[in-house]
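Visitor: Here are the chains, one letter per residue:
Number of protein chains: 2
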Amino acid sequence: MAIDDAALNALFLEARTIWEYADTPVTDTDLAAIYDLVKLGPTSANCSPARFVYVRSPEAKEKLKPALSAGNLDKTMAAPVTVIVAQDPLFYQHLPTLFPHADAKSWFSGNPDLAEETAFRNSTLQGGYFIMAARALGFDCGPMSGFDKAKVDRAFFAQNGWKSNFLINLGHSKQAQAAFPRLPRHKFEDVTILA
Amino acid sequence: MAIDDAALNALFLEARTIWEYADTPVTDTDLAAIYDLVKLGPTSANCSPARFVYVRSPEAKEKLKPALSAGNLDKTMAAPVTVIVAQDPLFYQHLPTLFPHADAKSWFSGNPDLAEETAFRNSTLQGGYFIMAARALGFDCGPMSGFDKAKVDRAFFAQNGWKSNFLINLGHSKQAQAAFPRLPRHKFEDVTILA
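Note that the protein sequences, when read in sequence, are chains A and B.
Per this note's numbering, the very first residue in the first sequence carries number -14; after that it's consecutive.
Per this note's numbering, the very first residue in the second sequence carries number -14; after that it's consecutive.
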């Protein structure tokens, strides 16, 4: 059964990337509620490689600032939270718990290329689920990949070895209406092969 | 405003990866309806690199077969549709239309590494939106990355140069209940830095 129109609107039809947020704070409880949906989305062999840094304090925003591209700077510094969607390159060490019915750890521990590709693909999927989960709970998102990943990794992940993937500004939109009309999209027939 | 419980259940709380499908066909109209939600999900500079092959005919399933891993073989051959989520490495040629207010094409045309990373990240995001959009419209998904990408690319993309990313079996679940309990997930505090 399809979800109702209000839900389709919130997730897809009326959802827009948002850059200007109200002052309403995003609490730890909010972040945990979003994650409790995100974690349920499917990943390959349940590998769940995504890790999340929630940048809210002025100190942490200052740490992030030198890594931001000019076009993303002001809106990111002003957002209630900026989420660093990252991945743990050693995600496979948790597979004996996450995927107990096969020796999935061994698929990755001797194959760094496969591990890296799997971490990137699946942390990105989980980042996509994050956008959808945040919208499902009434938040707005501004995802970005315009930043210096090496700088973020040095500033935030020198100890734990995580790797940054992309950023998501998160909050509640300041305006009821988006600032500009939606950009065009590819037509179904232009991106489709029926085989 | 949050979406209602029925929608949260359909997308996240009660949604499960499904491998056994009813015989109900998935029509061209169904596929276009899913895509018309998928295309609205955000991508970097609206780059929209994902391409979709809908493998339904016995001939196309036979073409896919040699690329499938043993564990994914039978369930994929039996699924009403197998979607090849792919990316167009030359996605940036469409940016003058998709992102008309900047010369975004030039960001990628001289930078093949950035183009490849952007295509992979954003086609994966669009694949994640596909899973959510399909569930939103009442379909069930079985996503997989256990297959030989080079074989799929040779079999399906020798002409157009697209690159396969991952596969999604698609249909309506045969059973009302999932075959086994959900696997464990990481706890919020184990994958989180509050900064």
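Careful, some of the hints might be misleading.
Restricting the straight-line Cα-Cα distance to at most 27 Å, the calculated cross-link-like pairs of lysine-lysine (BS3-like) are [to be verified]:
1) A:Lys90 / B:Lys60
2) A:Lys172 / B:Lys60
3) A:Lys60 / B:Lys90
Over the 12 Å line for every Cβ pair with chain B, so calculated as not near, a few chain A residues [claimed, not checked]:
4) Ile(-12)
5) Ala30
6) Lys46
7) Ala63
8) Ser94
9) Pro97
10) Gly112
11) Arg120
12) Gln162
Chain B regions said to be covered by chain A (calculated; three or more residues, Cβ under 8 Å) [stated by the list, open to error]:
13) -10 to 3
14) 10 to 18
15) 29 to 41
16) 57 to 65
17) 74 to 86
18) 132 to 141
19) 152 to 160
Simulated from the structure, these hints should not be mistaken for lab results.
Glycine included, each C-beta is placed from N, C-alpha and C at the ideal position.
Visitor: Now tell me if each hint is right for this structure.
Guide: Hints versus structure:
1. For the hint linking Lys90 of chain A to Lys60 of chain B, the alpha-carbon distance of about 24 Å falls within 27 Å, and the restraint holds.
2. For the hint linking Lys172 of chain A to Lys60 of chain B, the alpha-carbon distance of about 30 Å lies beyond 27 Å, and the restraint is violated.
3. Pair hint Lys60 of chain A plus Lys90 of chain B holds up; C-alpha atoms about 24 Å apart against a cutoff of 27 Å.
4. A cut-off of 12 Å between C-beta atoms contradicts the statement that Ile(-12) of chain A is not in contact with chain B; the least separation is 4 Å.
5. For Ala30 of chain A, the condition that its CB be more than 12 Å from all CB atoms of chain B is violated, with the nearest at approximately 8 Å.
6. The Cβ of Lys46 of chain A sits about 9 Å from the closest Cβ of chain B, inside the 12 Å cut-off, so the non-interface label is violated.
7. No beta-carbon of chain B comes within 12 Å of the beta-carbon of Ala63 of chain A; the shortest separation is about 17 Å.
8. Non-interface status of Ser94 of chain A relative to chain B is upheld: no Cβ of that chain comes within 12 Å, the nearest being about 17 Å off.
9. Every CB of chain B is more than 12 Å from the CB of Pro97 of chain A (nearest about 16 Å), matching its label as outside the interface.
10. Not every C-beta of chain B lies more than 12 Å from that of Gly112 of chain A, the closest at about 7 Å, which undercuts listing it as non-interface.
11. Listed as a non-interface residue, Arg120 of chain A fails to keep its Cβ farther than 12 Å from every Cβ of chain B; the least gap is roughly 8 Å.
12. In this structure Gln162 of chain A is separated from chain B by more than 12 Å, as the shortest Cβ-Cβ distance comes to about 16 Å.
13. With a threshold of 8 Å between beta carbons, the proposed coverage of the stretch -10 to 3 of chain B by chain A holds, since 9 of its residues qualify and at least three are required.
14. Residue count for the stretch 10 to 18 of chain B with a Cβ under 8 Å from a Cβ of chain A: 3. That meets the three needed, and the coverage hint holds.
15. As drawn, the stretch 29 to 41 of chain B meets chain A at 10 residues by the rule of a beta-carbon pair under 8 Å; at three or more, the given contact holds.
16. With 0 residues having a beta carbon nearer than 8 Å to a beta carbon of chain A, the stretch 57 to 65 of chain B misses the requirement of three or more and the stated coverage is violated.
17. Counting residues of the stretch 74 to 86 of chain B whose CB lies closer than 8 Å to any CB of chain A gives 5, which reaches the minimum of 3, so the coverage claim holds.
18. Counting residues of the stretch 132 to 141 of chain B whose CB falls under 8 Å from any CB of chain A gives 1; the rule of at least 3 is not met.
19. Beta-carbon proximity to chain A at under 8 Å applies to 0 residues in the stretch 152 to 160 of chain B; the threshold of 3 is not reached and the given coverage is violated.
Hint compliance for this structure: hints 2, 4, 5, 6, 10, 11, 16, 18 and 19 are not met, and every other hint is.
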